[in-house]
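These protein sequences, in sequence, are chains A and B. Each residue of the first sequence is one higher than the one before, counting from 1 in the working numbering. Each residue of the second sequence is one higher than the one before, counting from 195 in the working numbering.
Some hints here could point you the wrong way.
[As the list claims (entries may be wrong)] Straight line, CA to CA, 30 angstroms or less: simulated DSS-like cross-link-like pairs of lysine-lysine: (1) B/Lys541 to A/Lys94; (2) A/Lys89 to B/Lys340; (3) B/Lys282 to B/Lys349; (4) B/Lys282 to A/Lys94; (5) B/Lys388 to A/Lys89; (6) B/Lys541 to A/Lys89; (7) B/Lys427 to B/Lys340; (8) B/Lys534 to A/Lys89.
[To be verified] With the Cβ distance kept under 10 angstroms, some of the chain B side facing chain A (calculated, not the full set): (9) Ala291; (10) Glu525; (11) Lys541; (12) Arg550.
[Stated by the list, open to error] To be clear about the criterion: a stretch of chain A counts as covered by chain B if any three or more of its residues have a C-beta under 8 angstroms from a C-beta of chain B, and this derived list gives those stretches: (13) 35-41; (14) 52-64.
Keep in mind the hints are simulated off the structure, nothing from the lab. The structure presented is a predicted model; accordingly, all values stated were derived computationally and were not measured. C-beta: ideal position from N, C-alpha, C; glycine also.
Letter by letter, the chains look like this.
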Amino acid sequence: MSAVSDFSDLIGRNLAAQPGYAALQSQLEAFYFLEADLLDNRRYRAWLDLLADDLTYYMPMRANVPLAHNRSDEFTTVGEGIHWFENDKWTVVKRVEQIETGIHYAEEPLSRITHMISNVRIVDAKPNLETAQQIAVTNRFLLYQNRIVDDTTTFVGRRHDRLRHNAETGWQVHFREVIIEQGILQSKNITNFF
Amino acid sequence: MEHSDLKILVDADRGMISREIFTSPAIYKRELESLFTRTWLFVGHESLIPNPGDFYLSRMGEESVILCRDRTGEVHVFLNSCTHRGMKVCRYDKGNAKVFTCPYHAWSFALDGSLQGVPHFDDLYDGVLDRDDWSLLEVDRMVVYKGTIWASWDKDAPNFETYLGDAKLHLDMTLDCRDGRSGGSEVIGVHRWKFPANWKFAAENFLGDSYHNHSHGSVDAIGIGPSARSGVKGRRDDEMKAAQHIWISFPEGHGVHSAMEHPDAEFIDSYLDQPEIGAYFRHCYEERRRRLGNEAQLIPFTGTIFPNTSYHGRQPRGLCAWHPHSSGETEGWRFFLVDKDAPTAVKDFLRHYYMRYSGPAGMTEQDDMENWLYASAASKGTIAKRLKLNYQQSMGAAKLNDPLPGLVATQMSEHMARGYYTRWRDYLEGRDWDHLLGVGDPRFSDGEPVTKAGRA
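Could you put together the complete structure from these sequences and hints?
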């Protein structure tokens, strides 16, 4: 079962009226805005600290499929086959190292990037919202990227995140599914982080 | 455009090529008409349509085609355009169907392409429309070769193996099982992405442009290969370090970079990150040696089958189709290959490696796209177009049929590109098939001219 399907069970849930929701959502928004600031200011090493060591961070590919099949066939399935990417923490660190070499020409000179994060919704919290240690969150992103002169890309999409809290690290993302609203990718490259 | 103009655009003898061939809309139009309508084009793989009724949308040149398997198991390739009013009869990328029903007026076509349903036929068309004349347009030639599916719109095209010529040996090694059994690969995923560069930059890159290694310095420095977690640098294992590299141009326009191992060579430790994966590949290596004998000395690296199908032979392993969109835009399709009967753990290891290497998010190939984009963009200018591009590398260094068939260099060389663009020009000039297969090409009877550019 794809992670899209895992989240599809959660997406219709509305926890907003439950005790503790507003406080936790506010904490999370602060987390996401910090993440965006770190990325857009190219503080990649600090951003890596927001990712858990057992990270799965992937972007499925999508296909045009008949309505009757769209749950099972539209998205590639995490853990199977090929996606746009499926990174563990080691691979994300490698991607940061690659940028730091100064000879990764697709990011040298660096792109100018802004992340806009919105629609942050907590759809699951364990053990509960007030003492949450594990949460599932959906949100939207708008990512504007421009490089060199007029090489400009806008990625718009959704993130399905699972975060874990511990006293030492605070909140960390250990699962992130990045869904963009494209089948055939309309960008030459994906050199950025979502 | 006259033939003499084309001669000026591609001056292979002096190793100079006009930038116009990468930028001109007029030349691009001619490519669509004279080249993509004739050559064999890679359209997909059997493993994408395993069952009767399965279909997969593909492309030939700029046009959408439907790859499907009919009820009897036969594979077909159809132009994806209704014979009534032209609407795409299929807009799903993949699936299983009994018929293709056009959304516009509901003409429906069976899996063998025949026109089946015509609404209100009795009232509107009886005695007028002969259904047999209005099937979906099927390609003139189609072949399933070791699982890969190829097609041509030219009924007079030579059969596929003739078209491949001696490049067959090299393509085979990409398609065959790692232990030397013939065929047996499957596609585990397909990247499809659009980039703003002329399609020939991509095709040329895979002809064996090993000179561009520099571009990938970042991944070589940090290490992303199958042994990278064990501290090995580079973007792949150094499987060919003891082998003689060879760069070959073929009469049909294909080009490859392969390598010949010493007859007594042994497996070079690789896939160190997971010893059981390394053991598997060692087993495959030894089994291939046992099965193929001296033929196993040859190992594939990269190649382009004329005009727009490229492969990576080993690490990573897959096929690319560089579909043209315009003179300045290309849609890249990369089909990732594994042995169908490889253990699950091997497939899982490989898919991770493939994704971090290849495609738009691949750490290696991102830098290729950057090159192709700006090489296209910076060749458009009025002043830039006055300058020829330089293709003089290793002129005259290649030898005929030594040690393998073709024009073979044992040093990095651009003679594959010189051969490729010579053939490209022949298609645009509308030459006959003998000519297009390189019959009478002096390079393959006398070798390449050794004259230096400007002194010829």
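Verification of the hints:
For the hint linking B/Lys541 to A/Lys94, the alpha-carbon distance of about 22 angstroms falls within 30 angstroms, and the restraint holds. Taken as a hint, the A/Lys89 and B/Lys340 pair is broken in the structure, with Cα atoms around 37 angstroms apart against an allowance of 30 angstroms. A hinted pair counts as satisfied when its Cα atoms are at most 30 angstroms apart, and B/Lys282 with B/Lys349 qualifies at roughly 24 angstroms. For the proposed pair B/Lys282 and A/Lys94, the alpha carbon gap of about 43 angstroms is over 30 angstroms, so the pair is violated.
Taken as a hint, the B/Lys388 and A/Lys89 pair is honoured in the structure, with Cα atoms around 28 angstroms apart against an allowance of 30 angstroms. Among the hinted pairs, B/Lys541 with A/Lys89 is consistent with the structure: their alpha-carbon atoms are about 20 angstroms apart, no more than 30 angstroms. Taken as a hint, the B/Lys427 and B/Lys340 pair is broken in the structure, with Cα atoms around 34 angstroms apart against an allowance of 30 angstroms. About 29 angstroms separates the Cα atoms of B/Lys534 and A/Lys89, which keeps this hinted pair within 30 angstroms; it holds.
For the restraint placing B/Ala291 at the interface with chain A, the shortest Cβ-Cβ distance is roughly 9 angstroms, inside the 10 angstroms limit, so the hint holds. For B/Glu525, the interface hint holds, since its Cβ comes within 10 angstroms of a Cβ in chain A; the closest pair sits about 7 angstroms apart. Evaluation of the B/Lys541 hint against chain A yields a held restraint, the C-beta minimum of about 9 angstroms falling below 10 angstroms. With 10 angstroms as the threshold, the beta carbon of B/Arg550 comes within range of chain A, its nearest partner Cβ sitting at about 6 angstroms, so the hint holds.
Coverage of the region 35-41 of chain A by chain B is violated. Counting CB-CB distances below 8 angstroms, 0 residues qualify, and the rule asks for three or more. Against chain B, the region 52-64 of chain A contributes 4 residues with a C-beta closer than 8 angstroms to a partner C-beta. That satisfies the three-residue criterion, and the hint holds.
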